[in-house]
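Asks: Chains A and B supply the protein sequences, listed in that same order.
The opening residue of the first sequence carries number 17 in my numbering; numbering runs sequentially from there.
The opening residue of the second sequence carries number 6 in my numbering; numbering runs sequentially from there.
To be clear, the hints were calculated from the coordinates, so they are not data collected in a lab.
For every residue, glycine included, the Cβ atom is placed at its ideal position computed from N, Cα and C.
Be a bit skeptical, because a hint or two may be false.
Said to hold, decoys possible - Below 27 Å or equal to it, Euclidean Cα-Cα: the simulated BS3-like pairs (lysine-lysine) are:
| id | chain 1 | residue 1 | chain 2 | residue 2 |
| --- | --- | --- | --- | --- |
| 1 | A | Lys-41 | B | Lys-124 |
| 2 | B | Lys-240 | A | Lys-216 |
| 3 | A | Lys-223 | A | Lys-157 |
| 4 | A | Lys-136 | B | Lys-194 |
| 5 | B | Lys-123 | A | Lys-41 |
| 6 | A | Lys-70 | B | Lys-73 |
| 7 | B | Lys-185 | A | Lys-70 |
Stated by the list, open to error - Covered, in the sense of this in silico footprint (three residues per stretch, anywhere, with C-beta under 8 Å from a C-beta of chain B), are these stretches of chain A:
| id | stretch |
| --- | --- |
| 8 | 31 to 45 |
| 9 | 153 to 165 |
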Amino acid sequence: MNVTIVDYQSGNISSVINSFTEVAKGKVNLEVTSDIKKIKSSDKIVLPGQGSFKSCVDSLNKINGLVDTLKDFAIINKKPLLGICVGLQMFADVGYEEAETKGLGWIAGKVSKIDNQNGKFKLPHIGWNEIEIKKESKIFKDIKNNSHMYFVHSYEFVPEDKSVISAKTNYSSKIVCAVERENLFGTQFHPEKSDKAGLKIIDNFMKL
Amino acid sequence: MLKNRIIPCLDVKNGRVVKGINFVELKDAGDPVEQAKIYSDGGADEICFLDITASNENRETIIDIVRKTAKECFVPLTVGGGVRTIKNITDLLLAGADKVSINTAAVKDVSFVKEAAKKFGSQCIVVAIDAKKVSNNKWEVFTHGGRNKTGIDAVDFARQVEINGAGEILLTSMDKDGTKSGYDIELLKVITDSTNIPVIASGGVGTLDHLYDGLVKGGASAVLAASIFHYGEYKIKEVKKYLNSKNVSVRL
C-alpha cells in the first residue's frame, strides 16, 4: 500500500505528515511529494491545504501536470483521495477567499465566508466542535456521532448536491464539515490535530 | 457547539521546563516532550510552549523540542518566545508547530503580522499582547515581560493586529501574571468586545473559578494557564469536569 501526501508547497503540512506517519507505522508506505510519477502510482492520495483558497489553487496550478494527474486519479480512475481543510474546499467549482477563484470542480458547489451574523460569532471558527454524522461513511467507521474534531477556518464549502454531505457542525449555522462521494473524501476539520478520534479517521482512510 | 479551550502552557528555558509538573510518574520533570504528552493524554485542547531562553543562539533547542513533541502529541501546538523573523516561523512550522505566537516583533512593526499571515495563513498566527493598566479603563502594551513601556493603547493594538491578519490574540495581564488572583476581567472584556477574532486569556489563574470567569465574564474563547497545571494542583480533566458542571461547554 502506497499513500501519498501531496506536497505542493502551500502552507504547513508537518502535522499531516506526523499524524499519517504515526498511523502508517510499519503498515503503509508513505510518500510526501509533488512528483507526478509517484502520485500516479500510489494507491491513495491525501490533499492537504492551508492558507487561502486562492493561494492553494495557485500553488497546485504552478506544478506542471498536477491538477490533471489528480483528476485522473480521483475522478477518472476513482481511486481514494482525502482532502483536508482547503484541500476539501478545492473540490468546489469556485471559492471567494481573497478573490473569486476557480476550484477543481470535482463536486459542484462554492466556498464562501461563514456567516458570522454581524460579528456575533468570532472568525476564524477555531477549536473543538462536535460533528453530526449525516450518512454512513467509510472514514467514520467506529467514530461516534458528536465526536469532537479540531477546526480552524473562516470559509465553508456549500455543495449543490446535499447527498454528498457526510457530516455537519454547528457554529453560527450548520456548517458542512465532511463530504463523501464514492472514492472522494473531504474533511473541513483537521483529523491530524483531532487526537485519537482524528487518528482513527486517518486509519480508516488508510484501510479503505 | 464550539467548545471553550483549556490550554496548558509550558515555559521552556534552554530546553528544560522551568516550572514542571510534580507528578511521581514523571521520569524527568524537566523534559518538555514528556510533559506535553501528559497534558495531551489528559485532555488538553492545545499545548503551548513559551521559549524563555534568553539568547538567540539556542533557537535550535526549542525547534528540536517541537519536532519531538509533534511526533507524539496530535493536538494543536503553539510556540511562542523569540519569534522575530519569517525564518523563525518557517523553522517552527516545519518542525511541527501548528501556530506561532508573535509578541515583541508585532509591537515593533505590526506589518510583520501582515507579512506572516499572508505567507502562512491567519490560522497559524497568534499575536501575544502583554498589557498593563495605566489608568481607569486604559491599558498599555508592554514588552520584555512587562519591563518596557511602549505607549501603545492595548485596545487599539488588538484591533490593529486583527486588521493585519492575526488569527487569535493571546492576552496577558502583566498586573495579574504570577499573582494567582485571577485574570484581569475588565481588560479581557474590553478586548473581546473590541475584536472579532478569538481571544485566549492568560495571566493570573489561581483557582478553577478564575478560569470560569475568564470564559464567562471575560468572553475569552480559550484559557491558558501555567502554574495550576505545572504543580499538579489540578489535572486538565478536573478542570473540565468543574467547568462542565457550571454549564461551560468543554470537550470532555
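Asks: Hint by hint, say whether it matches the structure.
Replies: Verification of the supplied hints:
1. A:Lys-41 with B:Lys-124: Judged against 27 Å, a Cα distance of about 32 Å means the pair is violated.
2. B:Lys-240 with A:Lys-216: With a Cα-Cα distance of about 25 Å, the restraint between Lys-240 (chain B) and Lys-216 (chain A) holds, given a limit of 27 Å.
3. A:Lys-223 with A:Lys-157: holds, 11 Å
4. A:Lys-136 with B:Lys-194: Given that 27 Å is the threshold and the Cα spacing comes to 15 Å, the pair holds.
5. B:Lys-123 with A:Lys-41: Not OK: Lys-123 (chain B) and Lys-41 (chain A) at ~35 Å, beyond 27 Å, violated.
6. A:Lys-70 with B:Lys-73: Violated, at about 32 Å.
7. B:Lys-185 with A:Lys-70: Outside the cut-off at roughly 45 Å; violated.
8. 31 to 45: Contact hint for the stretch 31 to 45 of chain A vs chain B: holds, 5 residues under 8 Å.
9. 153 to 165: violated (count 1)
The structure fails hints 1, 5, 6, 7, 9 (numbered hints given earlier, in ascending order).
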